[in-house]
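Chemist: Below are the chains, spelled out letter by letter.
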Amino acid sequence: MNTIPVESGLLLAGILFVLGMISVLVRRNIIFMLISVEIMLNAAGLAFIVAGSRWVQPDGQVMFIFILTMAAAEVSVGLALILQIYHQLKTLDSDAANRMKG
Amino acid sequence: MKELLWLIPTLPFTGALLLILFGRKLPRFAVSLIGAGSVGLAALITILIGIDFNSSSENSFQQVLWTWIDVAGFKPQIALHLDALSLVFIFVITFVGFLIHVYSTEFMQDDEGYARFFTYLNLFVYSMLILVLADNLVLMYFGWEGVGLCSYLLIGFWYLEEKNGYAARKAFIITRIGDTAMAIGLFMLFKAFGTLHIQSILTQAPQTWTVGSEGAVMIAFLLLGGAMGKSAQLPLQTWLPDAMAGPSPVSALIHAATMVTAGVYLIARMHVVFELAPLAQMWVGIIGSLTLLLAGFSALTQFDLKRILAYSTISQIGYMFLALGVGAWSAAIFHFMIHAFFKALLFLAAGAVIHLLHHEHNIFKMGGLKNKLPAIYWTFLIGSASLAAIPFVTGGFYSKDAILWLSLAGEKGNVGFFLAALIGAFITSVYTFRMVFVTFFGTEKTHVSHPAGNRMTMPLIILAALSTFAGFIELPHSIAHVELFSDFLKPVLPAITLQEGAESKEWIVQSIAVVISLSGVYMAYYFYIKKPELSDQLKTSSIDFHNFWFSGWGFDKAYDTLFVKPFVFMATINKQDIIDKFYDELVKLADFLHRVFSWTQSGLLRWYMMGIVIGAILIVTLSLLVGN
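Taken in order, these protein sequences are the chains called A and B.
Per the numbering used here, the first sequence starts with residue 1, numbered consecutively.
Per the numbering used here, the second sequence starts with residue 1001, numbered consecutively.
Please keep in mind that the hints were generated in silico from the structure rather than gathered at the bench.
Glycine included, C-beta positions come from ideal geometry on N, C-alpha and C.
Take the hints with a grain of salt, since some may be wrong.
Examples of chain A residues toward chain B, derived with CB under 8 Å [to be verified]: (1) M21; (2) T69; (3) S94; (4) K101.
Given only the sequences and the hints, what does the whole structure look like? Please build it.
Modeler: The structure is reproduced here in structure tokens:
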């Protein structure tokens, strides 16, 4: 059985992470920012899986389950915040939510 | 009876406390009752204790009330020490103080600050009693500063006039110079003996120091500095003439009878230290004799009734210092007592005259009051006679004669001191009777508003009696062998030893003194009654001298150019506060940094993200670099 080499797996995870990061930085729509954060989380999870299979350890998959759980929690809080922001500001532009500036 | 000693200072203090709390709401009658009553009760207790003290064989009485501080061997107590010296002082303070309180109830009756006046006056009496009764120097210093505070408050009593506030500040600051010297002296005493308990110091000093040892001289000079400030002696005398801005009863009580003699008390109390420091003691005499001459000449030229008396007070305290300087301790205290009686009398009488003449201070605008105000005239005349030391019938003669005689014949006396005292005596009788003749004789120039009431004249009569008869308790040996006063003080203050073979010459000195004081009176009579035009001629022909003396020998001007102006100049150029500039810049820097950092709080989510990303990259890079 052909195994995917570790380097390719980590490269994919790295590309996904950077893509997610870039879109968090450039997007202004707050929902897209949330989706991008999810991508970054999954990239990190992928890196764990790859590492787990490299060393034939279950820890990588355990960590991924942790990340999934955390992501679910994060999304629920994030969506609630987005709803509130939309109620208050009537927009999803994250730059509009700058009232706390120094 | 002696156990009631603590009540003497407590009564006036309670009076002051009550007046502070309720003075505004109480009717005037109640205020007078509290103000004068508390001091009156204290005077009564003083007399009872005095009788008890005299009949008992003990020489001193201690009353420890409580321990004030107890730190590492430094343990000043709130404790009172009664002996002959403090008894004389508390008698004068409470008794004369009571008479002046009674007088004030009439003198101040139309004043808005009636309750405030009695508050301060009671507080003063309390502080002064603490000063003389304290058994350690810390408590004494407390009283010392207390009287200074009350003096300040009472000189500036009519604070709406700016010059009164100025006079009050001047008095406060100049006496503070002396107080600082005294405080340093107290520190050195504590360093030398490890205690500030007066009696312990007095017993230990002769064992620790030899005569003329450096420590003793140093401390004696510092204590003398304190005494000079409080007692308005050269060169710190300039505050007293200006202190006349206060009400007349204040001048009588604080600036004539009691507070200004605190310096005399201090030196007499610490006499052992001064005896161990002959140099300092000699300087006490020199300062005294210079002061009595300078102030006497200034008094000759004044025309403000109260300023004449102020200069005369400085001059008479000069006599007391002279007596202390030659070691005539009991003569100094005797003169203090008689002076307190007649000078309080003169100030009160002068206050009454000024009060009844619509606040006219200039004696050349008075005149002819002899028949209009007979009670005041006669009492003022008795007081003046005592001040001028008219022979045989006045108290002032006996007290001043003792000083004159001892300044020549005492062991430490010399001809210089004697001549200064003699010239001073002549000037004293000239300016005193100039004052009497100009004020009470001649033609009437200002109309008297109303006769003086009983509460004003009664204290005058009592004081007149005292200033006459109190002199008879200590007579010179050439007249009779009566020395009740110095016998009374003997347990506290050592008797003076005379130079050998001097005893027989006493009558010569006395006759000179008699001639001198009478010729002074005649000179005043000649210049101001017989040929009044002569005095004006003399004044115009020596106008420079006159102005020089009138301004108090230019001391005010000298201090103004030497100290006040440079200080004001420095204060003006430093208005921007050079040292503060550094801190201003620090503040500006902090403010700048604050603005920079608050600018980074932009509130933009993506901005923060960027911050996190850059931070993460930095940390990863650094860890890679360091890790390898």
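Chemist: All hints, please: hold or fail.
Modeler: Now the hints, each set against the structure:
1. The restraint placing A/M21 at the interface with chain B holds, with a minimum CB-CB distance near 6 Å, inside the 8 Å limit.
2. Hint status for A/T69 relative to chain B: violated, with the closest Cβ pair at about 23 Å, above 8 Å.
3. About 4 Å separates the beta-carbon of A/S94 from the nearest beta-carbon of chain B, less than 8 Å, and the hint is met.
4. Proximity of A/K101 to chain B holds as hinted, the smallest CB-CB distance being about 3 Å (cut-off 8 Å).
Comparing the model with each numbered hint stated earlier shows that hint 2 is the single one that does not hold.
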